[in-house]
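Asks: If you read the sequences in order, they're chains Y, Z, E and H.
Residue 172 is where the first sequence starts when you use our numbering, and the numbers rise one by one after that.
Residue 172 is where the second sequence starts when you use our numbering, and the numbers rise one by one after that.
Residue 172 is where the third sequence starts when you use our numbering, and the numbers rise one by one after that.
Residue 172 is where the fourth sequence starts when you use our numbering, and the numbers rise one by one after that.
No lab work stands behind these hints, which were simulated from the structure alone.
Incorrect hints may have been included.
[Claimed, not checked] Distance ranges between label pairs, derived from CB positions:
no. : chain 1 : residue 1 : chain 2 : residue 2 : range
1   : Y       : Pro444    : E       : Arg272    : 56 to 62 Å
2   : Y       : Val335    : E       : Ser420    : 23 to 29 Å
3   : H       : Glu499    : Y       : Glu273    : 51 to 57 Å
4   : H       : Gly497    : Z       : Glu423    : 50 to 56 Å
Note that CB positions come from ideal geometry on N, CA and C, so glycine has one too.
Each chain, letter by letter, is given below.
There are 4 protein chains.
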Amino acid sequence: VLSAGIVGATGYTGIELVGLIEVHPGAQLAFAASSSHAGETLGRVAPGAPEIKLVSSGDLHLEGVDVLFLCLPHGASAEYAERALSAGVRVIDLSADFRLREEGLYPQWYGAEHRAPWLLDQAVYGLTEIYRAELAGAKLVANPGCYPTSVLLGLHPLFRAGLVPAWIIVDAKSGVSGAGRKPKQSTHFVEVAGNLKPYKVGRVHRHVPEMEQILADWSDPPPPLTFVPHLVPAPRGLLSTIYVPLSGSWSERRVRAAYEEIYEGEPFLLLLPPGEAATLAHVNYSNRCAIGWTLSEGALVITAAIDNLLKGASGQAVQNMNVMFGLEETVGLGNWP
Amino acid sequence: VLSAGIVGATGYTGIELVGLIEVHPGAQLAFAASSSHAGETLGRVAPGAPEIKLVSSGDLHLEGVDVLFLCLPHGASAEYAERALSAGVRVIDLSADFRLREEGLYPQWYGAEHRAPWLLDQAVYGLTEIYRAELAGAKLVANPGCYPTSVLLGLHPLFRAGLVPAWIIVDAKSGVSGAGRKPKQSTHFVEVAGNLKPYKVGRVHRHVPEMEQILADWSDPPPPLTFVPHLVPAPRGLLSTIYVPLSGSWSERRVRAAYEEIYEGEPFLLLLPPGEAATLAHVNYSNRCAIGWTLSEGALVITAAIDNLLKGASGQAVQNMNVMFGLEETVGLGNWP
Amino acid sequence: VLSAGIVGATGYTGIELVGLIEVHPGAQLAFAASSSHAGETLGRVAPGAPEIKLVSSGDLHLEGVDVLFLCLPHGASAEYAERALSAGVRVIDLSADFRLREEGLYPQWYGAEHRAPWLLDQAVYGLTEIYRAELAGAKLVANPGCYPTSVLLGLHPLFRAGLVPAWIIVDAKSGVSGAGRKPKQSTHFVEVAGNLKPYKVGRVHRHVPEMEQILADWSDPPPPLTFVPHLVPAPRGLLSTIYVPLSGSWSERRVRAAYEEIYEGEPFLLLLPPGEAATLAHVNYSNRCAIGWTLSEGALVITAAIDNLLKGASGQAVQNMNVMFGLEETVGLGNWP
Amino acid sequence: VLSAGIVGATGYTGIELVGLIEVHPGAQLAFAASSSHAGETLGRVAPGAPEIKLVSSGDLHLEGVDVLFLCLPHGASAEYAERALSAGVRVIDLSADFRLREEGLYPQWYGAEHRAPWLLDQAVYGLTEIYRAELAGAKLVANPGCYPTSVLLGLHPLFRAGLVPAWIIVDAKSGVSGAGRKPKQSTHFVEVAGNLKPYKVGRVHRHVPEMEQILADWSDPPPPLTFVPHLVPAPRGLLSTIYVPLSGSWSERRVRAAYEEIYEGEPFLLLLPPGEAATLAHVNYSNRCAIGWTLSEGALVITAAIDNLLKGASGQAVQNMNVMFGLEETVGLGNWP
């Protein structure tokens, strides 16, 4: 049984992860740490969460720990990662700190120097379905952002089949838990309920370089990307509607083959019949990614839905842990056929 | 045309009030003041609100102003009220500062000394339907709390008809705008959506002494009151379900007569047929109070619904302004037959 | 004072329209008709609506009526329109029956023969800001669909300025009242709450030919259009996020000039500063259309928001009535500066 | 491994139950039957549900089946129950058909003759925490209603400790899934969102006789009960706020002892510290019942929350199955410490 520590247990991804580890048959919680609520139980901080005692983030005992999950704001993970790796503990980082391989990108998009750039090389990008082989031996995993998870899973089959889009437009919609647990004016119930709000329109969101880095792995330079995220009045779930211009040779048959070939047998991929669209109902409270596609006149429209806290964060983190430690990939993630 | 100033224009009651004054045919806005957003337009601070320029709360020009609305947190109103009254400007205070007549109650429930206790005597409690006569000449009006508005309108006919309850249980439910616009953990969309939360259970909420003071006016000492407010996942609206034990002589006929007699012809009272219950749909986005009652075995159940931002705050404030200045009571409040 | 009749008063657009006419200073309700609820009051059918008596749709008295609003499902309007026009009553039809000018299009998209094709010629498309001149004398107005209203208002300035897009992608999001008041599995609260659902993906929605017809008026043939509507968990409001590829000569200055020139002084158009996005909060419960645009690398992103029941239906219908009868365009629509 | 059949798999309780059985380590699905969707997969009918093939309700194969769950509307269960019992299959009925022991009550409250009254005697009321002993050997279990589950678990400790209330007032609030999956006007998203609606006020709801029957087991005649359910804008979850007049001897100490004694060690009971209230957040998506209580002046206020689809229906059904067949009570129900 793996021993797993969690730092940053009182944010939404941390709370979700504690719950997952608590019911995981192959792992147990070494500790759940919090800088703001040490000494309290998690259930008191977040009603409905397990009644485990929170320890201080400043005083972690890493002996005997197999894997450390970092559920921290970006910028705060690097130090913890370094300490854990030195102590021989493998790390799954849910922040953005180890996602951008090129050192110069981090300061450009996150407005600060990276605190442990020498670790960037060994970080494996934890989009499980695509980087499964590299994840098996990884010591440091950069768990992907929620938007990139949906967009990259939605597009990957096209690139693999040589159907490289000339332009990619992503109209993404996220539930409010994606904005974090710290209260802000923009996450006040009254501001969100009955509202719909585009934000960071165009190429402004920090997930843009993350997506482009992976797209460039598949086809360099990557196609131009237009990305508009929206905040929607739902607590969780994320839907990306992706628009790609059709080029002559993209028949329904080729597109279909592209998707079916790659996602056949993937336990967490729900590939919908052609013409059907993915919805949050397909995926919420599960680790699934639902993918639909429709060939329309002049355009291919792809819909990709995930639960942003599960496949978009803590669920995929557990999936990665399973792969890293040779457990069955679906264990602890409640999948059904 | 009345000239109306508003202090505290960027909270929910302030925003609502600016909108009401902007379309009121008998009033116009002298200024809308804000301590935090002076110099910006209200529409920038609160999308959808009028694009009027906010002035500083610290630098009000009261000349020519007929009425000053105070949409401030409790404790902050007293000084503004005093200054305005000295300048001959009538005041409608939407905070709790002038609601409790007895000087000792304020420190007990609000944890601070009252800053202008000498004004308490002249404050008129602005529950329009009940204190209409006193409001006509009032210089200083204490606009009622949202919960008391619904509860007192729901119970008043009984007391007037001599049907004094032996016990009053109020199970009240409020939309989230009642908790204010300042973001808190408890008003985060994710904490509220899909949730239901009782709070300040029993006799703890600050609206308890406000209700008891008025109940004592009607029957001294007032009946015991048990009050449990709940936060519900709706942006606005307030419903009080009131339980009263039946005593022998309370026939359906007497109860019905009590309600019909008092509320007949009231423009903002929607009295439902016996056995039907008030809902938020009856009142939201209007200044109405809907009242229903059901005589059940052993108990009378009264339901009273209001829009907490209109009849529960800014709408009633305008209704009071209309009465104070001799305008038609419904003007600017969009009532229909 | 105009005398206005309403047929189909118990759907969402009908209910909204009755409320608007009830408070309109220049119009009064001749009757509100319903096929299913004749004899009841509207307030009983829809709590919160005015307590007016509903008459039977089968037995309308048109004498003295100036304008008849038809809030019926498509296919049902044609007969009423014909009868009213014969009786000299002007008609504003909120259904789709008179929106498609070309006779062959109706059967193709609505699956039935048109019942009064000889009237199509005289119908004026009621997108007020664009067809104001034609509306002034119109006898029969085809009130636009909600999606087309937002999309066409969002795109019109570009075409007027000669900036004709090479491709138009519309990712549209609608609140649930757009789906009608009749209960369906897809509008059940539990299926919608917390969900997000793309539907009629590509070029399948009936609003596609309506948009293309108008686009062709502006530039023939119209640019290719990809249209994906989504159902969102909000009761009302509609947001269209529109993606258009940039071509060389489209400078920020030219785009800005295009929007400012046309929408300057429009009372219901809220043009946001460059880089800011329209949200439902800007428009809900008002007749406004909010428009934002952002010039990004390679793309122009336009956001256009309306309240689907007001500017997207009943509000625009009243705006059209005002224009048709020479009233001030904003009267009865509660606009503020 | 138990073999479990489910009839009525496409309602909300059926869908939930299929999901639970699919991940239950000690049970497997024999079949999921539907009268309306036979031949389709459940995942097509209800996105997000398992992709299992639905069989016809009219053609069940009971050989080898250990337990049959009936997720049918009341009135429809009796026949299935009889057939299953004859075939030696144990039955857990989630409808109301076997809840009322006294034969005359069913026609009185459900408006029809009972179809298998001779089975009423052997039915065990499946409120697991209270009737655990009887459930162990039961052949036919009447799974409790959602409201009674919360109310009875909230009150049981008082009766057990001899603290019998003089009057019981229940103000209950339910999420919309409690109203069933069949679309109705009252469950339309637009009618529910932003609304709050009391219904069946007083002693009218069919769960009243169910509660009184059990209360009479504890103290005969039972105290008078006033019960007002409310529909709230949440997809799932149920909260009962229970008001009980205090009598002289009810000290904080005695009440506390009453609750702690009985619920100590109960895996699904979350007893909150005195003065704290239960919320939906404590219980949603779990099989827990959260209970809080506050001693106020003159009244004891108890709050009891459950997920209406889990502890209020399908979760408790699985809990009962576990007890009936000697499995560990929590297995398959994802409980954590």
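Asks: I'd like to know which numbered hints this structure contradicts. Please list them from smallest to largest.
Replies: Checked against the structure, the only hint that fails is number 1, while the rest are satisfied.
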